[in-house]
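Colleague: Going by the working numbering, the first residue of the sequence shown is number 251, and it counts up by one from there.
Hints are computed from structural coordinates only; laboratory data are not their basis. One or more of the hints may lead you astray.
What the hints assert, rightly or not - With a cut-off of at most 30 Å between alpha-carbon atoms, the simulated DSS-like pairs for lysine-lysine come out as follows:
#1 Lys352 to Lys365
#2 Lys365 to Lys378
#3 Lys365 to Lys355
#4 Lys365 to Lys351
#5 Lys380 to Lys365
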Amino acid sequence: MNSPTQHYLNWFRRLAVDQRTDVAALVGVNMPGSALSFELSCEQLVTDFVSWIESVVADTAFRNVGMTVSLIAVTEFWIIRRRDNLQGWLQVASELNHLSKKTGKDVFAQQAARKDFEGRQWVAACEKWKALRSTNLSDLAIEAWLEQSSRPQ
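Start from the sequences, fold in the hints, and give me the full structure.
Modeller: This is how it looks when you write it as C-alpha cells:
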C-alpha cells in the first residue's frame, strides 16, 4: 500500500515540467521546515523538493502523515484554489488578446494563446488533485494508512 506522500509525489511527478516547477517553488519554499529557496535553478528546485519530502518521511508513519497533511494544506492554498477555474485563465487570455489588438503587438496574442493552454493544463491537473483528495489523500484514507502502518507486524 502506497504511503500518503507516495500518492502526493505520484501526482506531482505526473505534472507537466512547468507545473512541477511551480509546485516545487510555491509549495516547497513555503513549507514549514523547508530550506528550499527561489535561488535554485528550476530543475534543482524540483529535485530538492522531492528529496526533502522523502528524507523527512523516512523516519516514521507519523512523520509521513504530518508531511502529507502539511503538503495538502500548502498545495491547496498556493496552487489548487488559484488555478482550478478555467474562467479566470480565459479572462486573462481575453485581456491579453484585447491588448494585442489595441497595441498591434503580437506578443500579447502569443501570451494569450499560452494562457489558454496553460489554464486548460492547470484545470486538468487540479481535477486530478481533487480526485486524489477524495480517494487516496482523503482524511479517512490517510488515517487508515496510518493505522495499518502503525500495527505491529
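Colleague: Decide, hint by hint, whether the structure agrees.
Modeller: Hint by hint, here is what the structure shows:
1. Distance restraint check for lysine 352 and lysine 365: the Cα-Cα separation of roughly 18 Å lies within the 30 Å cut-off, and the hinted pair is therefore satisfied.
2. Distance hint between lysine 365 and lysine 378 is fulfilled; the C-alpha atoms sit about 20 Å from each other, no more than 30 Å.
3. Taking the CA atoms of lysine 365 and lysine 355, the gap is near 16 Å; set against the 30 Å cutoff, the hint holds.
4. At roughly 17 Å between alpha-carbon atoms, lysine 365 and lysine 351 fall within 30 Å of each other, so this suggested pair holds.
5. Between lysine 380 and lysine 365, the direct Cα distance comes to roughly 22 Å. Compliance with the 30 Å bound is thereby established for this hinted pair.
Checked against the numbered hints listed earlier, the structure breaks none of them; every hint is satisfied.
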